[in-house]
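Now that you have both chains on their own, put them together as the hints suggest.
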Amino acid sequence: MRLVTVLLILLLGAAAVWSFAAARAHGWWFPENVSVFGARIDALFDLNLWITGGVFVLVFALLAWTVARGALPGRARPVHGDLRLELVWTLVPAAIFVGLAVAQLDEWRELKYAGARPHVAVTARVVASQFDWHFVYPGPDRRFDTLDDLETTYELVVPAGEPVVLQLVSRDVIHSFFVPGLRLKQDVVPGMRPEVWFEVRGPADLELVCAELCGWGHYKMAGRVRVVPRAAFDAHLAALERAFRSNGKDER
Amino acid sequence: MTAPSSLLRRRVFSTDHKVIGVQFLLFSAFFLVLGGLTALAIRWQLAWPWSRVPIVGKALYPATGGVMTPEGYTVLFTLHGTIMIFFVIIPLLVGAFGNFLIPLMIGARDMAFPRLNAASFWLMVPAGALIVASFFVASGGPASGWTAYPPLAPIASAAAGRGLGQTLWLVSVFLAGVASTLGALNYVATVVMLRARGLSWTRLPLTVWALFFSAIIQLVALPVLTAGAVLQLFDRFLGTGFYTPAHLVVNQFTPESAGHAVGGQPLLWQHLFWFYSHPAVYVMVLPAMGIVSDVLAVHGRKPVFGYRPMVFSMGTIVVLGMFVWGHHMFVSGLDPAAGTAFMLSTILIALPSSVKVFNWLATLWGSRPRYDAAFLNAVGFVAMFVIGGLSGIWLASTPVDVPLHDTALVVGHFHFVVFGGSVFAAFAALHHWFPKMTGRRLDERLGKLHFAGTFVLTACVFLMMHQLGMAGQPRRVADPYVYAGLAHLKPLNVFISKSAFLLAAWQGFLVVNVVKTLLAKPEGERNPWDANTLEWETASPPPHANFEAELVVARGPYEYGVPDGPRDHRRQVGPG
Ligand SMILES: [Cu+2]
Ligand SMILES: [Cu+2]
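Those sequence lines, one after another, are chains G and W.
For the first sequence, position 149 matches number 149 in my numbering, and the numbering has no gaps at all.
For the second sequence, position 111 matches number 111 in my numbering, and the numbering has no gaps at all.
Where hints are given, some of them may not hold.
[As the list claims (entries may be wrong)] When the alpha-carbon atoms are kept at most 20 Å apart in a straight line, the in silico SDA-like pairs for lysine to any residue are as follows:
no., chain 1, residue 1, chain 2, residue 2
1, G, K220, W, Y483
2, G, K220, W, K498
3, G, K220, W, S51
4, W, K448, W, P528
5, W, K490, G, P31
6, W, K58, W, S139
7, W, K448, G, A71
8, W, K498, W, A487
9, G, K220, G, V88
[To be verified] Calculated from the model, a selection of chain W residues having no Cβ within reach of chain G, i.e. all distances over 12 Å:
no., residue
10, V22
11, G389
12, P480
If you're looking for bench data, these hints aren't it; they were derived computationally from the structure.
All C-beta atoms in this analysis are idealised placements derived from N, C-alpha and C, irrespective of residue type, glycine included.
Isolated chain W, as found in the complex (with noise of 0.2 Å):
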């Protein structure tokens, strides 16, 4: 395998998975501006409402002098949730790490399918235009919230937006699914094929295990979502009726007198829908649950606890999350008795998730940390995912669940397990795998810095959300205050969106970090973290094709801590 010469197949048009994995690395970075922009406007109506929009709101919402409408509210939110969740965790954590750092971690010289992987992420690319297309759409973006619950989404004359601009996130999100599903089938096909020799399953780092289980979840629930996803654009252009009861009158539309077939089940969709996107939830942090793993092992000196019961465990996620898409429905209409079994489920899969909180407390136990940049967005990670998993329960508890569904405080809870926990990881990611990709170290004073305010600002931003979720604040409203109980409110929500803005601003010290240290001339270490995984086996960055001879994998990656020798760790390569 020799690389190729030309410099538009190294750098752009590249089958090597490792300038995959930074285009991913690229593009999610990309969406994370666009996807926070939108989060800061949601904060800024949410405190101030119907006040002129700074900066944007001029040119965004010209026919009112700036001021948001609500529709354009709407829209917001729903490319919010849309952005951040097949935009930026996912290519984030599974295309950007997971496609960096497989072959890598188990010592391949390349993904088993590298063409597959390139058009992963090249159908990614159109579907993220048509996301940002959808945006500029004359007659208003996609307004359906990110779950698209029919009849509201499929019938365009449902409301403004729901024309192009739904048409356009409706293609978006099917080449998304596409793409993330060739994307699984090759990590699958990878780690079961290319292992080094001696690498066997059981020495696995964590990192690959749930990178490898997130895919299978892809694999089995994602081409639901997408079959979904295709039945509405039928609903829409080809007069089927999937998901149209009968008797509408939507806006003065009637289905029936449009030629449109009805007699479908609106709760159809969610089925569908949430059958692929509660798993997707564990896509976005099984990754980061991997990661945190083998960074506390790492910046620790000490072995991961309970390797088999972390394996395990992720394994239990990731059956058991296919049957608990339910507790997303408990008002929904669904039959009250499947209420029950969905609510059993769903507080079984809190079980998994807390052994691996008592393993990385464990971990930690006598652990000889660091305390450097990549370890303190770990324990930050831990921390923020046990609030975030604690007040999961209370929402599969269907009787609790019902004055609290659709509240703020679900916004609060998934914030904690997605931004608290994924977004987190990724930075133990970022700087504990920066110097990898680079050759160069982040700065670790500014790494500091970031982490300390990150952490405080997003207890700020996202913990008194379950208070407003508690007083009754809906999800998705505009204009909370339009209910004189929730009045009292305002100065909660100020307060969480100051806090949101600085949070926004916070983040300069990571890019300013980012910036200064590729600017800086190249360290090169190979393994500067005294690491003992594969991938520290070779040049930083690794040359194409990734290792200068073949692997043979002697050990486990978790021998830290050794008490004898000149040094406390014993790499899974070679004697010692």
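Just chain G, same shape as in the assembly (with noise of 0.2 Å):
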């Protein structure tokens, strides 16, 4: 039973491992990255995954070895523990998280901190409800909750190239903005409006996922958001109000 379990080990170690190398090939991996701060949570993530990767291989290796040599004859050594040895892997360790930690400090800064927000007017709000994502612009005055304000629904429009600032409102219950392919996750609070931002440089068309639980239909509130370059943003913005006015002729 020594071998096997040695053999157990390994094989979890190697199944492991090997879970992650294979995983970009086989589309296990994150969807490709279009945003602008997202490469860097990728690389983020990489840092993260190769400390805790060595760690892990390091601890994997021991534990087979340490459980392969038992069959020692004799008794074991009564050895009660070791100061130097704990001070080793206490200090060590927290050295490592400690860099590990404030390696990411300055990035969740950029990402959430108000002060790194982009001096932009909000681009659109998003208002997710029961089991929808609709999306509001302000229209030509530039401000929400007036009569020329802009509606769609599923598909959100956003320009390319520019610092894109969403303001996130819930009518019911909680709900989560994700969207994979910005390395993008916000909670839709009702009461609260928070505010997320992102840039991406190029064209992109991303699937919006709900991510937090919010009802029997959370599997299903899905979404887009369509990044388009800044004159067919504009064009996509005269279209909805074109839209809007021949509507509200008619409704009168």
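Structure (structure tokens):
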């Protein structure tokens, strides 16, 4: 059973390493990133993966080795501890962990701190409700909650090559605005109006996922985010406005 | 102290900690089956969405001819999480092993408050009955996840199942909370007051230390969740609005129009909930850590390496563990500065865990293991726990958590901790202490077979969930393939589900082992493993009041590998 156990440990270790090494080739990796900050998140993930991966390989090798060595003759040496060793395996991991944490502080500040918000007007308001995504543009007067606000549903269109700021609003329960291709996720909490911001260099067509349980239809609360050049974005808004006008006339 | 004479008092309404421990064991075994079945149904839906659920489908979903409904799926993962945490892992490690072991390992005749102890079990019975009943409510079972976030949970109109089912869920969690608090109070008092003569704190086995520490977590943090659940009940029935913001329109219902107070904060619940429910992870894993330390020493015939660092690191986990709950809220709208603080505290809490892993490795180094089932499961715990711990670091890293939060990666992460960790430790404990509980050793060959298959299949089920999450598969989604970008993950989900069914079937070896052993003639050996601690100083199973005479402890629990003398160990009691 000694060898079987060693084999099992090695097998698990190898499977874990393989599952990450082979992931890209099988499409089990993150979807392609298109946002500027997303590239930095990916780099930080790689840093995390390499550091924890190194620790993982070291620990599994030690575990397999200690279990394999057990068939020695005689009794074990009754060692109760060793202060120097304890210091080593407390201080070295402490340095690594603290270093890893510090290395990620800047990026977190860029992502969420209000001070990092780009100085541009809110591009669109995202309104979540069971189980749809709605989007509101401020319209020609550039102000929300006025008569000329433009509303769409399912697909959010935003401009490429410039910072985009979204305001997230929920009408009912908590939802979560998750765009894997942007590495962006923010819960949409009723009573709060969190803002998110990002920038995409070129055109992209992305999936929008609801990532917080919001009721029975949570699984199908899908949407899209389409990033288009500025000119196409303006044309899109103009088309929305035309549709809105003609609708309004019909109703009157 | 004489044993009560009536059978009912001895076996059912007993105040004997051993009987209560066995009752908790049977209780959690029953719920393990239920929780396991919900897991399999979840896996069925994720692999083959909207296809007829075999065997139980017709009975559970008659309206659709046996096809799961989206509401039904939501109920399933709500109950899976609730049952596994509150009715399986905590009652198993803390309730069953805690009750059975604490008085025996400290040389006490019973708990400090035997009646309180019995009350803590008998409150769990209605709690369990309510959670089972909630599944069968005609208007739908509880369907807000085990996290029960408002406004989804308290506002009855939010969807089907938010009516009676959710009420039963809340009352059940409340009762379980009260039960655990009573039990914890009793454990702390027992360890402080009733240790045998000579059993100083530094001679306490690590299992007792661990159970003591988890009881402290429960005493400090659990009342917060229990009170939070009461506030949710107030919001539902008394028109308060602790968690309800203004201007909601939930399924055409406005709280204001119904006379409910508004102006509350959904995030308040998340704080109250995670203030206990994160430390609850340590309630589930600290006892496992203690058990594994003891099993590795006894079955490795070598002292635990670094006794004091082991105790100190557990204490650090208790204290630091109270200050990390916010890592569940990095993307919740929590102030990002608080996110920074919670990131630092969460990454720091990896430190005591890694200290423990290195001390286990050092304990194993140069040991003379028997390679029996108890030992193997303890080694399995270490391997699995390392994986769960390391992926925890990614989730503690705020920027990296953003894309990973609420994905299948999180599911994989905590199952490595709770299934790979706590459950393997429970298997180790079962093999190690079964002879004390029943006077019979479990069959080693069946035990090893059970371990090997469970080890491999656990990896098959949970390992690749990391990749699913990286690829963007969210948690709690009845049909991931609604998203075109996730369609290619189906073969992986099918593989995971098939492995899960095999993993469940493989537990048959454990069941056969237990039944077969119970039917065999008792050996009644007092100390089959040549262990040092006090529970082995009495008959197996121990009599009422535990010990024939008062015990006097002369040394620490880990004197193994003694170089001279006929035996390789020195018991805690007696001259040598
Ligand atoms: Cu949702
Ligand atoms: Cu947590």
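Evaluated hints:
no. : hint            : result
1   : G:K220 - W:Y483 : holds, 8 Å
2   : G:K220 - W:K498 : violated, 25 Å
3   : G:K220 - W:S51  : holds, 17 Å
4   : W:K448 - W:P528 : holds, 18 Å
5   : W:K490 - G:P31  : holds, 16 Å
6   : W:K58 - W:S139  : holds, 18 Å
7   : W:K448 - G:A71  : holds, 18 Å
8   : W:K498 - W:A487 : holds, 18 Å
9   : G:K220 - G:V88  : violated, 51 Å
10  : V22             : holds, 29 Å
11  : G389            : violated, 9 Å
12  : P480            : violated, 8 Å
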